[in-house]
Amino acid sequence: MLTNREATLDELRAHALQIRRNVWRALHAAGSGHMGGSLSAADILAALYFHHLRLRPSEPDWADRDRFILSKGHANAALGAVLAQAGFIDDAVLDQFYAYESLFGMHPDIKMAGVEMSTGGLGHGLSIGLGVALGARLQNKGFRTIVMLGDGELQEGSNWEAAMAASHQKAANLTAILDYNKVQQSGHVSEMLTLEPAPDKWRAFGWAVREIDGHDMDQIISALDELPYVEDKPSIIIAHTVKGKGVSFAEDTHLWHNNMVPDEVFEKAMAELGEPA
Amino acid sequence: MSAASTNPEWVAKVQNQSRLSFGLAVTDMAARDDRVVAISADTLDLIGLREMVAAAPERVIEAGIAEQNAMGMASGLATTGMRPYLCGYAPFITARSMEQLRNDVAYANQRVVIGAACSGIVLGVSGGTHHALEDIALMRSLPNMTVMVPADALEAWHLTQATETLDGPSYVRIGGKFDEPAVTAVDASPTIGKATTLRRGTDVTVIACGCMVVEALAAADELASEGIGVRVLNMHTIKPLDRDAVLAAAAETRGIVAAEEHHLTGGLGGAIAELVAEEHPTRMRFVGMPDTFATVGPTRKVREKYGMSAANIAVKCRELMG
Ligand SMILES: Cc1ncc(C[n+]2csc(CCOP(=O)(O)OP(=O)(O)O)c2C)c(N)n1
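Chains A and B supply the protein sequences, listed in that same order.
Just so you know, we're using this note's numbering here: the first sequence kicks off at 1 and counts up by one.
Just so you know, we're using this note's numbering here: the second sequence kicks off at 1001 and counts up by one.
The following block holds chain A by itself, in its conformation from the complex (with noise of 0.2 Å):
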């Protein structure tokens, strides 16, 4: 018999597995698009919504929804995969990836169901959402926001102008998370331009900093289940990952950061990931 907690952690990895396999789908009916992190990210993103998030998928714009923005919005394939699997969009739309007029484009679009903001510009969506974490205070709700960020992305100053105003507002409802796959478009990060030490520097900026496997489902839930962390600091789950995690060619290389998806790479990649148990 599996433990409750067993069971939960296999549904994940099975949404995460249909994610990636979702991801590929896009990209292909696309004839391109950005594996690498968008794979990085499936773990993560199947454990915030099939298992953190309170959302109504068939209510998306419920106004006491958990926010989750993907301010790494290059990542969108992933974004699309598990609104479509959570019943936000229709499944039918994954092979609208790209395509003329469609609302899921290469970068989330805020006017698709369950998009909370139009992002693809690196270093918008923290400080959005800690304008939305202090609506959310101003209010008196409840809901918690979350905000996605890539590693290359922390490049952007204006990261850090919102990490120092979060903290400043103590604005515990809101949580970063990093996918720190380590890998840029033009290269490995600690060779453009590091990011390290990325703990002390959140630490510094007066944060609550959880490192995790970002693959590891179990640590997953439980940087999540154990959020916030301090009561008067926004946290940041430091997630260590895989870029193009699940796919062997596609892994730890900017080669695979955004790349063409010709039949044979699509058959390779599918192949390697496995169908559902």
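I should point out that these hints are in silico values taken from the structure, not numbers from a laboratory.
Keep in mind that a hint or two might mislead.
[Claimed, not checked] Going by beta-carbon spacing under 10 Å, a handful of chain B positions derived as facing chain A:
hint, residue
1, Ile-1065
2, Leu-1123
3, Ser-1141
Even glycine gets a Cβ: it sits at the ideal position worked out from N, Cα and C.
Position chain B with the ligand against the provided structure of chain A, taking the given hints into account.
Just chain B with the ligand now, with coordinates in the frame of chain A:
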């Protein structure tokens, strides 16, 4: 114009390299001028800097995804006598770092050259965050700034090389794959601030820039079969505008159609209208992006949706004939 710029080997390479032409030109200049330094904002592959990384790694500064800092650094480098070429995405390197651009580069009049790739709707499927349809207006509104919109890879190469002669800041708007037919002759040597006349008609004039130049030529060909002689000017420099060419078109033809892959507000059409309204009022029509954010989709299809096409240029020309 440098000798290197007409070297056939380079010409062939650049013609095949599309938007990488800017970075290749910078790499070429760096080989003969130690002051040339490239700044990347996680854009090494975007705009053709990999070769320079190999040839002169110490003169490629990786700023990371931090356009504001990159712009400020470029200004600082320029004050020391270096010649910075800042390579970014058109939507981010302009709007994101606009205050640094205005204060540190334009106001302080520093010799920074900005190469802005993926302008207009080149990133069509990326959506509105990645379309750059206001950059000409932003750049044109800055005193001291030279604003160039090359029509193809070879012209981008030449104009980038020509920035060697400038003392102040400049902006080179680079499109995407430049997979439209080339309009620049292999032996051409475009001059900053001088329009290139591509058709000599005397009925109406189309003044176009960037990817709209080939569309203008196609429209001219179509109208020629109707007996309408269209003058086509490639206005690769928006600022300083070639006053003589514009005023001659106003005087010698029945009207001017401006065509650009940019919002109708503040771009090439606006610049022409400002000039002719005061100095030689003439009828005008405008082809460009209306006052809305563009939809997601393949570049060409999105351009067509909003009338940035040969067919619409022809429609506007016929209106001016009537
Ligand atoms: C302001 C801005 N500058 C540049 C870009 C182009 N760009 C898109 S994704 C990307 C790299 C992002 O790296 P990272 O945040 O590490 O994302 P991940 O590895 O998770 O995909 C860049 C430079 C952008 N979208 N926005």
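How the hints compare with the structure:
The beta carbon of B/Ile-1065 is positioned within 10 Å of a beta carbon in chain A (closest approach about 4 Å), and the interface hint is therefore held. A distance limit of 10 Å between C-beta atoms decides the matter here; for B/Leu-1123 the minimum to chain A is near 8 Å, and the interface restraint holds. With 10 Å as the threshold, the beta carbon of B/Ser-1141 stays out of range of chain A, its nearest partner Cβ sitting at about 21 Å, so the hint is violated.
In summary, the one numbered hint that this structure violates is 3.
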